[in-house]
Each structure stands twice: as structure tokens, then as C-alpha cells.
Amino acid sequence: MDHIFIDRVTKTFEGFVALDNVSLRIRKGAIHAILGENGAGKTTLMNILYGLYQPDGGQILLDGAPLRLHAPKDAITHGIGMIHQHFMLVNSLSVTENIVLGLNNGPRRLDIRKHERRIREISRNFGFDVEPAAPVWSLPMGMRQRVEILKALYRDAEVLILDEPTSVLTPNEIGAFLAGLKKLRDAGHTILFITHKLEEVMQVADRVTVMRNGRVVAEMDAAGTTAKDLARSMVGRDVMIELERREDQQGDVLLEAENLIATGDLGTRVLDGLCLKVRAGEILGVTGVDGNGQRELSEVIAGLRPLDVGRILVGGKDIAALDVRQRKVECGIGFVPEDRQTTGLVLDYPVATNLILRDFEQSPCSRRGLMDFAYIRRHAADLVKRYDVRLRTIRQPARFLSGGNQQKLILAREIEANPRILVVVQACKGLDVGAIEFVQNTILDLKTKGVAVLYISTELEHVLAISDRIAVMYRGRVTGLLEPEEATPGRLGELMAGVPAEAA
Amino acid sequence: MTPRLIAFIFATRTIWAVLIALILGSLMIVAAGTDPLAAYGSLFGEAFFDYYGFGSTLVKMSPILLAALAVALPLRAGLFNVGGEGQIYIGALFTAIVALYVPSMNGTLHLVLAALAGALGGALWALIPAYLKAYRGINEVIVTLLLNYVGIHIVSYAAGGPMMEPGAPYPYSPEIPKDLWLPLIMPPTDAHAGVLVGLVLAVLLYLLMRFTTFGFAMTTVGSNASAARYAGISVRRQMIRAMMMGGALAGLGGSFEVLGVKYRLFHLFSNGYGFDGIVVAFKCDHPCCSCSCVLFVPARVASNAGDFCERHSSLAHGEFPFWNVFSLGSVGLATCCVRT
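Heads up: the protein sequence lines correspond to chains Y and X, in order. Counting from 380, one number per residue, gives the positions in the first sequence under the numbering used here. Counting from 22, one number per residue, gives the positions in the second sequence under the numbering used here.
Just so you know, not all the hints are guaranteed correct.
To be verified - Residues of chain X clear of chain Y, computed beta-carbon distances all greater than 12 Å: (1) Ile27; (2) Ala42; (3) Gly62; (4) Phe69; (5) Tyr72; (6) Val123; (7) Leu137; (8) Leu148; (9) Ile159; (10) Val164; (11) Tyr178; (12) Gly182; (13) Pro183; (14) Glu186; (15) Ile206; (16) Met207.
Stated by the list, open to error - Distance windows between CB atoms, simulated: (17) X:Tyr156 x Y:Ala700: 15 to 23 Å; (18) X:Thr55 x Y:Gly748: 53 to 61 Å; (19) X:Ile206 x Y:Asp718: 49 to 57 Å; (20) X:Gly66 x Y:Ser517: 54 to 62 Å; (21) X:Ala32 x Y:Pro743: 34 to 42 Å; (22) X:Tyr156 x Y:Gly748: 21 to 29 Å; (23) X:Gly293 x Y:Gly506: 52 to 60 Å; (24) X:Gly66 x Y:Gly481: 52 to 60 Å.
Unchecked claim - Listed below are several chain Y residues computed to face chain X (Cβ distance under 8 Å; list not exhaustive): (25) Leu683; (26) Asp702; (27) Val703; (28) Arg704; (29) Pro716; (30) Thr722; (31) Gly723; (32) Leu724; (33) Asp727; (34) Leu736; (35) Arg737; (36) Phe739; (37) Glu740; (38) Ser745; (39) Gly748; (40) Met750.
For the record, the hints were derived by calculation from the structure and aren't laboratory data. For each residue, glycine too, the CB sits at the ideal point set by N, CA and C.
If we strip away everything but chain Y, and leave its shape as in the complex, we get (with noise of 0.2 Å):
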């Protein structure tokens, strides 16, 4: 019999369905990966379990019995504990203390010693090496995640669920915990283990459920399957938007990256020698994993991260000298970055401050220093009208917009400033399909236009439907550049998971 079993659960939000009668069979005793990109509905899934939301529809089955969760209080008093992907320690505290921090089942007075010697005993066990005396901030970021993982099992819990346990991991970290999992596995723990780096999976998970906009697509033994497999189920067949494809007028390379190397904020390095060109009128797609370097390029070529080796060449030119603001006004290059929100806006800005924040010191928006206000007025009213931003009134602040269209205020702020070279990352993510359709055209536009766009996304039936060429990126660097019609799912999936071309 199945111990956990997740019968036909959905979950809206706000209109959003962010899990549509979604099944899981759990085996005892097994790891099982929940793969999917972001947005698939991995984490919504695994807060339902864990008690942190109540489904609309369907139930939860505990070893046959119906499971009521109100608070992961309860889930913790059936055995189920969750290692979020944001620890949840206090860092000033030793790492007995945040281990018995609110258990309340003890007596009053709090023996910190008998506890040190049992959580000395369990981490010894798994042979997790943490000494419980040591102050949780002097840990590394490897060694708190097992204090994460300490916790739950001081609970008594049995069943972990774990939220992109790696994503915070260095390389070296990563093979000590999948080693640490199995030994959790083999003393009988079940593991839910949500991720979306493929290789992981394929390592120690047992079973694997991917999952795609919020639907499960596919479940299947580890040991079955490959990595190639893996990915294409991730990615899906089915295109969702039919755009229609438009002339292809490409002129002369605008934007060229030779060789970049940058280093990233955990100060490993994620850009690792990667090339690529881009033509006037051409949108070129980069897709890959999430986390393989696709962010760091974007802010590399905008100018907001420094470049630790190589260069890049707009029409021809070196832009090293240049900073984030010589970079749009004098090459005109520009950029949606990949979070709107505490990026690509300032969210108690009002609408209309927010569509010349990256021209306020210019003219029309400001002369002489003094803030045109009447002007950034009727530019708003205007930008608002033409792109077609759901509000109020423009003077409300961007944070109270939906996803598109705060999505919508970005694009219309930058498309606004006639770029030559346009960077987009992640710009279809969490909007719905009428919002991306817009976005996808307003980019087909600009291709039409003559303008060089950079599409950087992990979506990839969006990447496909509107890219003229696709870059995979993998570790950092491109290991494929393809033509729409050779990216199928398969050679997308072995590119993603880093196999070299040749060896396909």
C-alpha cells in the first residue's frame, strides 16, 4: 500500500490554478524527486502536505487513513517535516538551542546538555558530522541545511520533505547531501525531494513525478528512465501558443559575448567561457535548467555584474567601460530583468514614476535637475492606454498590479527607449495566456523592427514559439546553438542536461 497518497488535490490561487487535480502515490521508505521548473506547481504541493495550505479539492491519505492538515503542527505530529529551501534557523543561537527551539513537550526546565548528547547521537548516525554546541552562524551553508534536517527528525519526523534542497549548495555540498539522503533512505525515512536539476534525480531518487502547470505529467521508476527522458517530459510536446512567424530580416551582428567568465553571489562561478552573437532583427532564445548561468549573462551584458574575464562588443565596440546607464543610453540596450518586482520596479512607486525610472535624468522626464512631473503624467496615461495596463489610476503604486501587468509596465518603459539590443529573461513567467501573447508579439514587433533581442527563458515551448535560434546553456556555457526545427525535446533534453554534441 502506498504510504502517502495525494488523491486529486487542487489548489487556486486568486483565479490562478496552481495545482489542477494533482495525484501522488508515496512509497515507505523510498526517495522520491519531484521534478519541474519553476512555476509547475512542485512547492504548492509539498505546502499542502506539510500543512501550510488547505486544498480546494481532494484529499491527502496517510497509509490508507484521510490526513487532516490545518497547521504544520499537525503534519509534524504525523511524522511529517519539511526542510524549507529558505532556512529557517536563528543564527545567533548554538545548534542544540535551534533544535529544541519550541518543543514543548519537555519539562520546564530545559536540560541542554541531555539534548546536545541525543542530537549528537542522531547526527552520528547519519553521519552528518554537526557538532550541536557550534553557533549556527559560524556553519556553512551546507552544515545549517542539516541542521534543517536535524530538526525534523528531532521531531520524530519520518516522512522529509525537502524544497530545492541543493539550490543553495555549492558543487562540493551537493555530493555530500544526495550521500546524506540515501543514508536518511536506508534507515527507513521517506524523502520527498523537490528539484529541477535533473541530475540529482537521476543519483538517488528512487521514483520520480515530473510536473508541469501545475498538472503531473509523468511518474516513473528512477531506474527505468534517463536523464534525456527526464527533460523531455519536463519540457512537453505540446507548443502552447501558436505565433505566427514573421519575416526574417537579419542585418549585421549587434551584440557579441566572447568568452565570458563571471562569478556569481555565492561566489562560485557561473558564467564559465560562454560565446554567443546576436543579429539585428534576430531573437535569439537561451533556455537551459534554471540556475545555469542565464540570470548572471543578462546582468552581466546590462551592466549590473562585473565581468571577471572577456568581452563584450556592441556593433563592434567594447562596453567594459561602460555602466548601467552609459550601457541603455549609448548603446541602447535594454533590459527585463528576471525579477520585476524587486528589480525591474520600485513597488511603492507610483505607475507613473515607475515608466521613467531608467530615464528620469534625462529630457523630457527632467531638465535641469527639476522633475517634470506634468510630463511624466501624459507619458504614463499614454504608455498605460497603448499597452493596454490594467489600474486604477496612475497614480496607484505598481505593487498593487497583477503579474502581467507589472510585466506590462516594464516592457512599455524599456520597448519606450527605441532599444538597438533588447534582454529579456524569464519575461512570460507566472503570466497568463493573454498576457503572454501580448508580450510574445510586443517582442515579435521589435524583431520586425530591427532590433536585437536576447530571449533568455526556461519555458521552453515560449522559447521555441519565438525564437529565430536557441542557445542551451549548461554549467555556464552554451553547449548547443540550434535551429527551431531541430530542437526537439529530445536533443533540447540531452543539450539541458549537459551532454556534449558529439557524444548524442
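For this one, chain Y is given, so just place chain X on it according to the hints.
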């Protein structure tokens, strides 16, 4: 409770807070055996409606107004400057040096130079935490807080050492030349022109933050540094600019203490004006009024009333906490009056 009623109560929350403070206060006054109405009457009467009382209120208002601006401006860029006190001291030191040791010249020019030196001193003192924050990521709260004590002690050393008046009974410098004294605005009280400068600066800063690209860039850094970088704003430069302007304002406050009140550099001359400035800035900072500096003025006047009452009423001795609560409350009251 209807939503509208709740909204009304929320909008007027400061008034309710002040009322509660007043009621709590009157309980204590009654416990001390005095008539609360009489006490409150003397409190407001002394501070606002008495010529001498109002003059002294203005004297205290000058440094606190400038210190409040020194907090409010960096706050726009997302920085918390709690170093107003130290910046006041270093500003006073720079002013005293220019006033005492630069050879005499045209009186007005010398006065302006001395005041500008004070602003420069405060700005340089604020540059230290600004640089450490912008380029080393060191928390500006800790650095500004600790530099307060360094600044205070530097002035103690100067006033008690190299700059001390020979034979003085207490660490202070010689008197600055008479033509450098700030004009008095309500003779014979001590109220001096520094208050007016503070008021003009408050209005100018409000306009600067509200209507210029300079203010827009700074506010954007404070609202969302990541978006500011994306907008092509140099976050580091804005941070340093905001902190140095804050330091200059506090330094000017210290400068006016020398030029307008004491006419000497005294050891320990500021009664925590820099810290009062923090309270005033926070009480009056409201998202709607981008740099609501103008509000500081009456706010501080009201707050100051607390001090007056403390001095003049026989019951206040030993009851500091009460007056503290009250003065906070009255700050809020004044803020509300101006805002609505």
C-alpha cells in the same frame, strides 16, 4: 465597528496615543498631589505663550531641528544616521577653530565661513560611516553610534587641552569675537538666527527631495536599492552623499551652539540634541510627506514643553519616565495638528 470607523481611528491614532499619554500623566500628577490641569496649563503656557519661555524654546529647537534633518535625510536613502550627536560636536569644533584661529576679516564673511566649517566638520565625520557602509558593507547604525562617543571625547580633549582658555575653571575655549555672534531674533531672550536658518533649510530640503532628480535618485536608493542600480543610479555615491549631507546638517547644529548660544566651545555642551533629533525625525516622518521637515518645528516646540514643565513644576522631580512619555506624546500631537 464599521470599517470606516476603524479607518478613522487608525488615521487619528497619534491623537489617541497623545490622549492616553496625557491621561496616564494626569494619574501620576494626581498621585503626586497636584492638579493636572494646572500642570498642563503651565506646561503649554510657558513654552508657547510666554515671551521668555518661547524664546528659550526656540534656543533648544535650533540644534534639535537640524539634528532631526540629519536623521531624516539619510533615511530617504535607507540609512539610519544615529550619529547626530557626534556630528554636532565635530561641527562645533570646526566652527570654533575657524572662529578663534583664522585671522579676523569681514565679520559677516567670517561668520559664514565659521558656520560652513561646522557643516564641513559634520560631513567629514559622517563620511567615515558612509564610506564603510558603501564600500565595506559595515552597518552604519553601529559606526555612527560609536563615533558619537569619539566625537564627544575629541571635543572634551580640545576644550580641556589645546583650546582651553588659560585659567578657566571648567574645560572651555576662549570666547569667540563678538562680530561672529549670531544675531538675536527675540531680544533679550537667547533665541538666535540659527533657528531661522534651520527652518529655511527644512523647506529647501523638502523641495529638493520632492521635485528634483537629485531627490528622486536618493529616494529610489532608499526604496529599492536593487531597482536603483538597474535604473543606473550609483547606490554607493547616493549613500555617501546622503550621509554627508546629514552630517553637514548636524554639524551646522553644533556650529550654531557655538556661534549663537555659548560663544565658546564647551566640553559636553550638547544635552543629547542629536538623540532627540532621532525621535523627532521618526515621529514626523510619514510616507506621504516625502521630507516632512517642516513638521519638525512645532513638534519640537511641543516636545520641549516637557522639559520646561520638568524644570518649573515642583512635582516632576524624580519622575523622569512620565515626562519622557509625555514629551513623546506631545511631539505626535503637534505632528498631527500640522498634518491635518
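Okay, the hints, checked on the actual structure:
| no. | hint | in the structure |
| --- | --- | --- |
| 1 | Ile27 | holds, 20 Å |
| 2 | Ala42 | holds, 31 Å |
| 3 | Gly62 | holds, 43 Å |
| 4 | Phe69 | holds, 37 Å |
| 5 | Tyr72 | holds, 42 Å |
| 6 | Val123 | holds, 33 Å |
| 7 | Leu137 | holds, 22 Å |
| 8 | Leu148 | holds, 23 Å |
| 9 | Ile159 | holds, 17 Å |
| 10 | Val164 | holds, 20 Å |
| 11 | Tyr178 | holds, 36 Å |
| 12 | Gly182 | holds, 41 Å |
| 13 | Pro183 | holds, 43 Å |
| 14 | Glu186 | holds, 46 Å |
| 15 | Ile206 | holds, 32 Å |
| 16 | Met207 | holds, 36 Å |
| 17 | X:Tyr156 x Y:Ala700: 15 to 23 Å | holds, 20 Å |
| 18 | X:Thr55 x Y:Gly748: 53 to 61 Å | holds, 56 Å |
| 19 | X:Ile206 x Y:Asp718: 49 to 57 Å | holds, 53 Å |
| 20 | X:Gly66 x Y:Ser517: 54 to 62 Å | holds, 60 Å |
| 21 | X:Ala32 x Y:Pro743: 34 to 42 Å | holds, 37 Å |
| 22 | X:Tyr156 x Y:Gly748: 21 to 29 Å | holds, 26 Å |
| 23 | X:Gly293 x Y:Gly506: 52 to 60 Å | holds, 57 Å |
| 24 | X:Gly66 x Y:Gly481: 52 to 60 Å | holds, 55 Å |
| 25 | Leu683 | holds, 6 Å |
| 26 | Asp702 | holds, 7 Å |
| 27 | Val703 | holds, 4 Å |
| 28 | Arg704 | holds, 3 Å |
| 29 | Pro716 | holds, 6 Å |
| 30 | Thr722 | holds, 5 Å |
| 31 | Gly723 | holds, 7 Å |
| 32 | Leu724 | holds, 6 Å |
| 33 | Asp727 | holds, 5 Å |
| 34 | Leu736 | holds, 5 Å |
| 35 | Arg737 | holds, 5 Å |
| 36 | Phe739 | holds, 6 Å |
| 37 | Glu740 | holds, 5 Å |
| 38 | Ser745 | holds, 5 Å |
| 39 | Gly748 | holds, 5 Å |
| 40 | Met750 | holds, 6 Å |
Hint compliance for this structure: every hint is met.
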